[in-house]
Every structure is written in C-alpha cells, then in structure tokens.
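Asks: Okay, here's what each chain looks like letter by letter:
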Amino acid sequence: MATTLPSVDVVTVGVGWTGGIVAAECSKAGLKVVGLERGQKRGTEDFLSIHDEYRYAIRYDLMQNLSKETVTFRNNRKMQALPMRQLGSFLLGEGLGGAGTHWNGMTFRFLPYDFQIKTMTDERYGANKLGPDYLLQDWALNYDQLEPYFDKFEKTLGISGDDKNPFAGKRSSAYPTPPMKMTPMLQQFEKATKNLKLSPYMVPSANISEVYKNPDGETINACQYCGFCERFGCEYGAKSSAEITVVPTALKTGNFDLRFNSNVVEILKQGNKATGVRYIDTVSGEEFIQPANIVVLTSYVFNNAKLLMVSNIGQPYDPTTGKGTLGRNYCYQILPGASGFFDEQYNTFMGAGSLGMSIDDYNGDNFDHSELDFIHGGNIALTQTGTRPISSNPTPPDTPTWGPEFKKQSIHYYTRSFGIGAQGASMPHKENYLSLDSNYKDAYGLPLIQLTYNFTDQDRALHKFISARAADIMKEMGAKTIVPNAEITDYNIVPYQTTHNTGGTVMSSTPDKGVVNNYLQHWDIENLFAISAGSFAHNSGYNPTGTLGALAYRCAEGVVKYSKSGGALV
Amino acid sequence: MSADNNVSRRDFLKTTGIAAGTLVGGGLIGGLVGYNINGKGTATIEHGNGTTSEAAGSPKAKMFFMNERDFKILSNATERIFPKDDLGPGAIDLDVPYFIDHQLAGQYGSNSKEYMQGPFGEGSPTQGYQSRLTRAEIFKQGIAKMETEAQSRFKKSFNDLEGKQMDEILTAFQKGDIQMSGVTSAFFFALLRAATLEGAYSDPLYGGNRNMEGWRMKGFPGHQMAYITMIEDPKFQKIEPNQLGNH
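Sequence order for the protein chains is A and B. Per this note's numbering, the very first residue in the first sequence carries number 1; after that it's consecutive. Per this note's numbering, the very first residue in the second sequence carries number 1001; after that it's consecutive.
Among the hints, a few may not be true.
[What the hints assert, rightly or not] Calculated pairs, PhoX-like style, for lysine-lysine (alpha carbon to alpha carbon, straight line, at most 20 Å):
(1) A:K430 x A:K441
(2) A:K41 x B:K1113
(3) B:K1238 x A:K408
(4) A:K441 x B:K1238
[Claimed, not checked] Across the chosen pairs, the derived CB separations fall in these ranges:
(5) A:D162 x B:G1118: 51 to 61 Å
(6) B:E1122 x A:L196: 39 to 49 Å
(7) A:R124 x B:P1125: 36 to 46 Å
(8) B:A1226 x A:P396: 30 to 40 Å
(9) A:A486 x B:S1112: 29 to 39 Å
(10) B:S1112 x A:G271: 39 to 49 Å
(11) A:S172 x B:G1118: 46 to 56 Å
(12) A:K68 x B:F1120: 45 to 55 Å
(13) A:P148 x B:G1176: 25 to 35 Å
(14) B:R1132 x A:Q315: 33 to 43 Å
(15) A:V283 x B:A1105: 20 to 30 Å
(16) B:E1122 x A:G131: 30 to 40 Å
Quick caveat, the hints were computed from the structure, so don't treat them as lab data. C-beta: ideal position from N, C-alpha, C; glycine also.
Can you make the complete structure from the sequences, with help from the hints?
Replies: What follows is the structure in structure tokens.
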C-alpha cells in the first residue's frame, strides 16, 4: 500500500524554526535531510497583501486548519474532554515556518534560575515551597551550558536589543543589531519604571532594527514598523523566521529535500531503533514510508507528543500513579497586567511585533518570595505591536458592550489606551498533562491529543501579585483610569491568551523525569530526537522562542554527533 | 463584559428605519457618495427602508439571505449595535449587513476550517463552541427568532419596532434568555456583535467599512507601508486611510 522511498540520513517532521535549524545544521554537515511539512510553501512574496486584519488576525488564514486536526480539552479528569472546535486560546501554526511565521519576534533567554529552578528554589525557601503536587524539576542543562546556543540562535536571527537588563544571564557577545526605536509610549514606560526604581530595557526583537547578514549569509531586512507582525507574515522579510533564514540555508547545500503537504502519521520502529516515518501526501492521498537513519520530531508541542503516543514510544504519564513521562509537565502561561486609559492620544496603530520595553524585577527569583505563596513571576512589558480596529475596542469599566455609548467610548479610547502586560511563568502540576483522546479523531483516523489543564493556586497568586505591580507602573505613567486584569479562576480555551504552550516531552537529566536527554535524544530510542517547547520542564515568564531556538541548535549538534558516533549521547 | 446593556435607556434613533438610511451627518466625514469599488464613480441610491445600494459596479446584492425582511432584521440589529452618531456612520451606512451576508455565504458561514465532527456534547463554557450548527445555520435561526420574539412581545415585525424595543429584544438574546435550538441566544448575540464590528472595521474589500469610514472614525490608517519615519514623533498622527485595493 505505502510506497517506500530511498533511505536518507535524517528526516524531520515539520519545518518551522526547529525543523529548519536541524535541517540547516545537518545539511551543512553533509547529511542528506528530508523535511516533511504538512502545510504549504510560503514566504515573503506571499505577504504583499498581509495588512488584512480580518483575513489573518480574525479568520486565522495562516494557521492550522482545525477541520483536519485539533486537540480535545477539559479542565480536570472528572470532565469529558471535548474538541477545541475553533481556534482561540492559542494559535497553532501550519505551513512552512510554522507558528514562527506569524510570531511577534520577542526573543528572550530564560533566566539562569529557570534551568536550576528546583535546586535554587529549595536552597532559598526550603524544600516544598510549593508542595508535592507541583512537579518542579531542574532542566538537564544549566544556563552556562546553553549560552553558546543562545548566542548562535540570536546571530542567525540578527536579534535587536540592548544590554541594560541587570537580571539577564551572562552574554558571550552583544546583540547582533542595536535596539528598536524608542517611541513616546515606551519613553513614558521607561521614565515611570525608573521612578519606581525598576530596571527597564528594550525587548529583544526579531523584527530587526537594521539590515543584517547572518553567519549563514542570509539577509534580514530592516523593520518598517507597519504594525502587522503578530498573526501575520512580514512583507519586507524584516521579521526573522525560518523561511528567510535557516530554510534557504539548508536548501543551498543541495542536501535538503523539502516536501510539502506531507503529514506524518507514524514513527516506524524496529526493536529499540526508529526506522523512519510513514506519511500521507495530503493532496493525492498517497501513503509513503520515508526510511531514515535518524528521525527528528520538529513539530509543535502537541504533535510531537501525539506522534510518540500513537507510535507507542515511551510510557504515557499517569496522574494517578505519577508514573510515566510522556505527556507530563504540560505548562502554559498566565497573563497578569493592567489597562490604562489616558486623555492624551497615542499612535497605538504603529508598531512592530516586539517593539517594547520591559522589566525583570518581578520575574524569576529576582525578588524575594519568602512572604509570598508562589514562586517565579513574569516579565512585565509595555509593547507597541500595532493595535488593530476589529480586535481593539477598549472601553472604561461599566461601558455597555454595544450601542451608542460603546461606539463612542471604543472609538475615543482606541488611541487613548494601552495595556501593561506580563507573561506569568507556569509551574508543572500533577493534574496538568497531555494524553490521547479516546473519542475524537483527526482527518487521518488518528486520535486527537487531549489536554487536561487548569490554572493552579500558584498561578492565581502570581497573577494577582503581578497585576498589582503592572497597575503601579500604569499609575506612575499617569493613566486617568487603571483597570488591573481580573483575577483568574478556571482556564478557558475560548479567548486568546498566548501561543506559549510547553511540556509533554520534557528534557531531563534522568529517564524517570522526562522523554529526552539534554541533546533532545529520546531516552529509549537513540536515533530519535524530539525538539519543541514540549522539551521545557516548566514555562518561564518570557516568550519561549529564544530558549526553544537554543535547544534546537543543541539538538542539531546532537544529531550530527550521533550520525558519526552512534549510541546514547548522555 | 457588562452583561446588561444600557442602550435601552438611550433612545438614540427615534425612528430607526428612517434615521439609519439617511446619509445626512455621517456623510460629513469622508462622504458616502462617490464610493466605488471598481474605479468607476457610482451614485448611492436610498431605498428609504434602511438600506442603500449602488447604481453600478455595486457589491450590494445578497448571496445568503433570501428575503428582504430577514435582511432588514439583520440590518436593524447591526445598526442598534453600532449606530450612526455624530462621529460618523453606523452599521447600515457602512454596509455591514452586506458584509455579514457575504461572509455567511462562504467559509465563515460553513465553518469549513473548524472541527465539526461529532459526537457533540454540551460541555462547560471553558470548552467553547460545541454546537453542531454552522454560523450560517445559527444566523438563520437567530434572525427568525428575533422576528418571533418581536411578534410575541409587541405584536409587530422586528422591523417595525421602536429602537428601544429592538434593544429590549437584543438584550434578551445577549443574556441568553431566548430559547434557541442547538445553541444559546447569548452565543448568537456574541456572534452578531463580533460580525458587526468585523464588518465596520475590515478592509473594504470584504464589502463593509464603506469608503473606509469605519477606519476614518477610529483614526486607523488601514494599509500603510511604513511608519518608520513618524513612530518616534510625540504628536498624534492623523493619516488618511488607505485600503488594500489601492495597493
């Protein structure tokens, strides 16, 4: 039935940031690589009509077609999981570049604390600060070990930033390009946070400040501040993404065979080795087997976990016994913050995806948690990403949601309000995990992945504390009306929150705590690698892509190393 | 979100049908006459019934709704949600009803990029949309229910109601007080409200946001190539909007 193709050195499942990085590094090293992308080809030339809020931001034209595949969701094990029928809480990618095509481009490094969170938290606050239900664990690498890979990722992208964050881990070199432009809104934030004795710095940005040629010879153009990044592709080639950097780098070697409309449905194995993957050509419906010496899972969090589950690789996590690692430590992020309403008018519609100023004074363990009932925190930022008129209808409290007063207020405040938002870190909890759904299937007959997730007491306490800090800054900025974000109760999959899903295929120091080792190599199957934000043991108070990119370079190094030496790399 | 809507306390449009169809006032900003989608000058014709149409090269024809009554119910409802005022046109003058009609006839109406396989369970609100109905089906049912509700409350067609009476019915939908099949009335109202704003503020290529008046009211310049030369300027920038069709 399935046609078996000639064998190759490496096959990647998905071609976004992680697949692109693995493809570029392996093909440069002389390995023959096949990249299987379930979506279509796309790139800068396809984005000339991108300034279309309705098509791209409201109807999600660049994102996953849920009629083919989605996830099911429930808040807890007592509930019946039901399919996420429409996109909402997070926006899954599809097509070349993946979600990295429609990202904002904020490219932080997680804090040194993040990588040793268990050890450092226990040292400072004693064991069990959070209690036994939280599956806090150190990552399999510390910050210093990961630093060269952060550096490499930032140089590939040409990240624009300053070095003014006193809480950042040590850098081996400066940001490749200078920070983005300073706008009146950002200046106001800078002044207010300095008045409050906080330490503002420019958000590290992949919408870059000047034309840049990366070490692979790819050129990224200068950002024009058009205000259409998030949920859009860049018509200038000024937002670093896989399709303008690592993918062309891989293709230039002649060693990279990139196939579109190729949906992988199974990792094939014999004994304790992977032998390749089975995939469906979604156009012709034909089935293929792509044999490979090394299989690398480079799709999003959910699909990496799902492919391992449907291929019966690894032991699924069981929340009753605490046994099993696959699906464990699913984390998300929470979004504390405050909205401010002003008399002055701002150019809120101008911007760039990662144009912003932020502080880390309330992130990680940069402040004392002795008297607090939570750990970690979040990066608090004022970003000017370009507000758009359909989705931005800000009104002061007690304004009706429709009718004359709504119209008047939402138009008035469209250019007279903005938010200060934080990305609240998310700690793993024993009841938050991924598994396979037993009722719902995708277009290829495979079970959907099931998400069991709710906010925790840690989340609620963090959210309340950080929202109050955001409100303090807003007050110092002189807002006329300040509205802290409402306290969180249960996680709701409907409103958009963030596409920063993590965990499920965690990287760990020992096989009992995760799915892959510190080269992202599978603990049970040595020629199988899995890299996504699923590798994160918890989620920090930052955008994840910087850390994800660093891990992808680490993974690529592991794949090349394995192709020469074989065996377990750790 | 405020569950209660105080629009019913404001008798904004005295006679909705007439006021909504009148171009005086709203036309002061930008002007509606002369709007054209194909480069040819076209004239606006008022029907005096809350709708207008173009004489030539017009996008104003229905792809989804089959009769005038239903289309007018939709039109009046969107106008109550986003009314004409001294800032500029309301939903009707922005062609929002045509935008919604066109959307319902396509991918949006058939939910073709969404997971629509059963089994269908009611679920908890945190699990989101779980209806077997498409948006097209929900709108059809919702509009019919608005008419039924008008008849049972006021013994009149929805289209003959006073603005305040329309608001009373819309508020009942918003609160989930109206019995619908396969979906709550609150969900239908949320969909109607969202579609109204989408029609007011999407690029005119979709048939709403007529002559970019929605953007002009809001101070959104639409499709602009770059703000790099002005983003550092402390002054607010008033920029004449541009649409994708002028690319």
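Asks: Hints first: check each against the structure and report whether it holds.
Replies: Evaluation of the provided hints:
Between the alpha carbons of A:K430 and A:K441 the distance comes to roughly 26 Å, so the proposed pair goes past 20 Å and is violated. For the proposed pair A:K41 and B:K1113, the alpha carbon gap of about 19 Å is at most 20 Å, so the pair holds. This hinted pair checks out: B:K1238 and A:K408 have alpha carbons roughly 18 Å apart, not beyond 20 Å. Distance restraint check for A:K441 and B:K1238: the Cα-Cα separation of roughly 51 Å exceeds the 20 Å cut-off, and the hinted pair is therefore not satisfied.
In this structure the hint that A:D162 and B:G1118 lie 51 to 61 Å apart at CB holds, the actual value being about 53 Å. In this structure the hint that B:E1122 and A:L196 lie 39 to 49 Å apart at CB holds, the actual value being about 48 Å. Between A:R124 and B:P1125 the Cβ separation comes to about 39 Å, which falls inside the hinted range of 36 to 46 Å. The hint said 30 to 40 Å for the Cβ distance between B:A1226 and A:P396, and at roughly 32 Å that hint holds.
Separated by about 34 Å at the C-beta atoms, A:A486 and B:S1112 satisfy the suggested range of 29 to 39 Å. Our hint of 39 to 49 Å for B:S1112 and A:G271 holds, since their Cβ atoms are close to 43 Å apart. Checked against the given bound of 46 to 56 Å, the beta carbons of A:S172 and B:G1118, roughly 55 Å apart, stay inside it. Range check, A:K68 to B:F1120: Cβ separation about 18 Å, and the 45 to 55 Å hint is violated.
Remark: the range hint 25 to 35 Å for A:P148 to B:G1176 is contradicted by a beta-carbon distance near 56 Å. For B:R1132 paired with A:Q315, a C-beta distance near 37 Å keeps the hint of 33 to 43 Å intact. For A:V283 and B:A1105, the Cβ-Cβ distance of about 26 Å falls inside the hinted range of 20 to 30 Å, so the restraint holds. Separation of B:E1122 from A:G131 is about 34 Å and conforms to the stated range, judged on CB atoms against 30 to 40 Å.
Checked against the numbered hints given earlier, the structure breaks hints 1, 4, 12, 13 and satisfies all the rest.
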